[in-house]
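> Chains as they are written, first to last, in the working numbering: chain G, 1 to 392; chain Y, 393 to 615; chain Z, 616 to 937.
Just so you know, these hints were derived from the structure itself, not from any lab. Don't take each hint at face value.
The calculated lysine-lysine pairs, modelled on DSS-like cross-linking and capped at a C-alpha distance of 30 Å, are [claimed, not checked]: (1) G/K253 / Z/K712; (2) Y/K554 / G/K298; (3) G/K203 / G/K127; (4) Z/K657 / Y/K395; (5) Z/K664 / Y/K449; (6) Z/K909 / G/K298; (7) G/K284 / Z/K909; (8) Y/K476 / Z/K712; (9) G/K148 / G/K46.
To give an idea of the chain G side of the interface with chain Z (calculated C-beta under 8 Å), a few residues [to be verified]: (10) F25; (11) N251; (12) P378.
Selected chain Y positions facing chain Z (in silico; Cβ < 10 Å) [said to hold, decoys possible]: (13) K449; (14) V456; (15) E458; (16) N461; (17) L465; (18) P466.
From the three backbone atoms N, C-alpha and C, an ideal C-beta is built for every residue, glycine too.
Spelled out, the chains give:
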Amino acid sequence: MKNSVFFNFLFLLLSKHKSKHIAIFIISILIVFLISSVLFISNSLKKEVFLTLDNQSDFIIQKINSGKILDTPTSWIEDFSFINGVKNTQQRVYGQYYFMPENVYFTIVGVDLFEENTNKNLKELLKILNISDFLQKDSMIIGNGIKKIFDKYHYFDSYDFKLFNNELSNVKIFKDLPKEANLVANDLIIMDINLAKKILNIKENESTDIVLNVPNNLERQNIKEQLILKHSNIRILQKETLKKEYENMFNYKGGIFLILFIIVIFTFILILYQRYSMISSSDKKEIGILKAVGWSIKDIIKLKIIENFIVGFMAFIIGIVISYIFVYILNAPILKNIFIGFSNIQNDFILNPNIDLSIIMTLFLFFIIPFLSAVLIPVWKIAVIDANESMK
Amino acid sequence: MIKIENLNKIFNENTKREFHALKNINLEIKNSSCVILKGISGSGKSTLLSIIGTLLKPTSGSIVVENENIAKLPDLHASNFRAKRLGFIFQSYNLFDTLSVKDNVSIALIPLGFNQKQIDEMVLKALELANISHKKDELVYNLSGGEKQRCAIARAIVNNPKIILCDEPTANLDYDNSIIFIETLKILKNLNKTIIVATHDPIFDNLNFVDDVINIKNGIICE
Amino acid sequence: MSEIFLSNEIIIYLFTQIILFILLFIAFYFSTFIIKNWNYEKTTSKQYKLEKTSYLVILIIFFTLIVKIFLFPYFAYSLDNLSHIIPGAMCAAGVIKANNYGEILLALKLIILFCIGVWLIINSLDLKEKIYPYTKRKFAFFIFIFALILIETTLDILYLSNISTKEPVMCCSVIFGVNSTGNKIPFDLSISMLIGLFYLIYLLTIFTNIQKVQLINFLVNLFFLYIAYYSVTYFFSTYIYQLPTHQCPFCMLQKEYYFIGYFIWSTLFLGTFFAIVSFVVPKLTNKDLNYSFKYSIFFNSIFVFLCSFYLLRYYFLNGVFL
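Please model the entire structure based on the sequences and the hints provided.
Below, the structure written as structure tokens:
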């Protein structure tokens, strides 16, 4: 039965029933577009964040006192580096600087330009740096969001940071970061570590926290215990735990979306069911003719299901293509902010195309199965019409 | 041979609108014969035709065609029987207006599982026999009444059926086209097909190739 | 628990299951009517209506089978993804063992697939006959399948809600590994004897399939299934992963191994399915199914070929066995 006559007939039927299918077609495209955009954005973000996270050190150690995080003494670095299995113990300096005119916070990251930085992200950013030029005068590298703000207030060459003792510290703007780094570095200011300590009011022999690597993952539990033995008033953050939390957060946001979408899909199913259950008299006549000519109920069911499937499938393909263009070429104007939040500084980050088969399969299941389910009973209703009555 | 025994059809049984359309019909139609079912509208001849064509199921009774009771066949087998052994011609043609003549005729062959080449051959043969092959790519919408009926004939014979059922075939045709229709019936009779025509058109009286005229009135066969 | 339920794949999996369940419930509802009132001999309009509803039930079951066939590997895939947020799990094996319901659920899903397959074969036999002789039996069998699916859906929810994201689970090297205390090879066979038995039973299945002895073929194939599971998990999988200590039936479903796991398990499943069907269907319908013997041989052979392929490939590439 699968020959060109059948398909010819099928396509002619499709165009004949255009008015019936067109509304469903458009709604389907919209639904597929929305949900695939959400999934694409969420997936790309996830991959980016995980890539960034992967470049972090395995352990982050912070000093706490009665639940509050305090600056960590740098003398602890030596203590920790003596533990067997620990590598690359370093201090980290970072903090928030309040910029009153815009009511936003800048994140300042202090970098020791002479030591090998374990954070691969920072390494990448600093590769292109000419260190001697940078250190000639107090300089900083700023992220895109900050550049925009500085430009707005006409700070083109340098900016005066207000220190805690009410002095001003003039820092030259050395370079701004490329737009591709926006996801992680939008509101970042990178400067020399001692300058950062000065601006953030951190003592010279302290740091914000200490990071270290434990290459052998079987030893991690053991080393965690030894760290606590050395200094008991600490909080330890493990990269793996952070990863899980991020994964959960993404799942959470994506999950809430999906659940909302399920409500949309249920409504859609009801609409589909209603629409295709309306059998016009010309439909009945068509089925009557087919039956008289020798088509069995099975044949008619096959015909109708393929007809509806093509409508759904085409809508699916078009929806995904439009969504791809929207997310990866137009950069998803409003939608992406739902994931990042309109929080601190306006972030114009770029999403990298990152789709694999499993997302497409997931979308396919999520859309086509309800679509076909809604269509089953109407198709059956049409197929069992009494041929005799419809042709009177 | 078609043997009909004690056929009854009651519409809307056990309701207020109960209507006894056919009452105890007993009939025998020999192979390759041409039979006219004569009766006014509402006499039950269309119902009888539909039941013979397995488009309607009887309330009781049997129809035996070549040792098989087709009255109660389940859908799969009934449609198989229709596809292989039956051809229908209706009063209002019942064609797909938006398809071409060729496509309309091909539809009858789709359930039989032929490949494209075979279908094309058979369709061409049928179109020639019905004398409409010159309009094979024309949309049915643009045809005249007589041409539509010829297209319907082509569709009815494309699957080489043994039995051809016609329900008031000339009701929408003018005199000339009706004559053409009857000529075509003659050709089909010569091809040894069993033809049953349900009609009250007087043009079918006194035709020499008609073997039997059966009068139906109020659901009963009268003489 | 909410983390599990908010994982994207699990949401979609449950959503699809629920839709299928609703459809099947409708089919169940109509089946009860059909079983009560079906009488082919009668010619009342009620009987004709029943015939029409039976087509609806058949359509729904057809659709359900196709979707469930897709849903089963998708379930395995979503469990695999869950392993990212469950401590200690590195593939679906750990996730399945997270609580008691996991293994039963997996087995039940397979049984349901089997039953639906058998149902469809009986259905096609039924429709071929002009008097639809097996209808009542068919729909009673469907009600049994529906009960199974009811249990499956409940188990789904129970299983998923009892996976803890705080307690670590065992990963496959602990469950199946060389030093495991878990499932041991049956009859305390050594690996080489197990493999010898594997190929021997395979040849025996070919023989019984050719001879078409239904009962013995059925039993031999079941035994083959049992032995094949252990052979793949403890022997052939090491050649797929090319690591003598990595013995796991689930890891081969992952992308790194080109998803070969799906092919291996599905061909084994199909081979056994056709062998079972060649015994069960004649019992229910008094009709012999000669073609199923051939299919059983075909799929079993592909299965053995796939397993042996990895074995031989390793040998030819490296010159030694693991």
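> Does each hint fit the structure? Answer for all of them.
Each hint, compared with the structure:
1. At roughly 28 Å between alpha-carbon atoms, G/K253 and Z/K712 fall within 30 Å of each other, so this suggested pair holds.
2. Straight-line distance between C-alpha atoms of Y/K554 and G/K298 comes to about 24 Å, which keeps the hinted pair within the 30 Å bound.
3. With a C-alpha separation of about 28 Å, the suggested pair G/K203 and G/K127 falls inside the 30 Å cut-off, and the hint holds.
4. Of the pairs offered as hints, the one joining Z/K657 and Y/K395 holds, with about 21 Å between alpha carbons and a cut-off of 30 Å not exceeded.
5. As the CA atoms of Z/K664 and Y/K449 are separated by approximately 12 Å, the hinted pair is consistent with the 30 Å bound.
6. With a CA separation close to 28 Å, the supplied pair Z/K909 and G/K298 stays within the 30 Å bound.
7. Proximity of G/K284 to Z/K909 is assessed by CA-CA distance (about 44 Å); at most 30 Å being required, the pair is judged violated.
8. Distance restraint check for Y/K476 and Z/K712: the Cα-Cα separation of roughly 58 Å exceeds the 30 Å cut-off, and the hinted pair is therefore not satisfied.
9. Straight-line distance between C-alpha atoms of G/K148 and G/K46 comes to about 26 Å, which keeps the hinted pair within the 30 Å bound.
10. Annotation: interface hint on G/F25 violated; nearest CB of chain Z at approximately 21 Å, more than 8 Å.
11. With a cut of 8 Å, the hint placing G/N251 at the interface with chain Z holds, because the nearest CB-to-CB distance is about 5 Å.
12. Annotation: G/P378 was flagged as interfacial toward chain Z, and the flag is violated, the nearest CB pair being 11 Å apart, outside 8 Å.
13. Contact between Y/K449 and chain Z, as hinted, is supported at the beta carbon level, the nearest pair being about 6 Å apart and thus within 10 Å.
14. Using the Cβ-Cβ criterion of 10 Å, the hint placing Y/V456 at the interface with chain Z is not satisfied: the shortest such distance is roughly 13 Å.
15. The beta carbon of Y/E458 comes no nearer than 14 Å to any beta carbon in chain Z, farther than 10 Å, and the hint placing it at the interface is violated.
16. Interface restraint check for Y/N461: the shortest CB-CB distance to chain Z comes to about 9 Å, inside 10 Å, so the restraint holds.
17. At its closest, the beta carbon of Y/L465 sits 6 Å from a beta carbon of chain Z; the interface hint therefore holds under the 10 Å criterion.
18. With its C-beta approaching chain Z no nearer than about 6 Å, Y/P466 sits inside the 10 Å limit, and its interface hint holds.
In this structure, the hints that do not hold are numbers 7, 8, 10, 12, 14, 15, in rising order.
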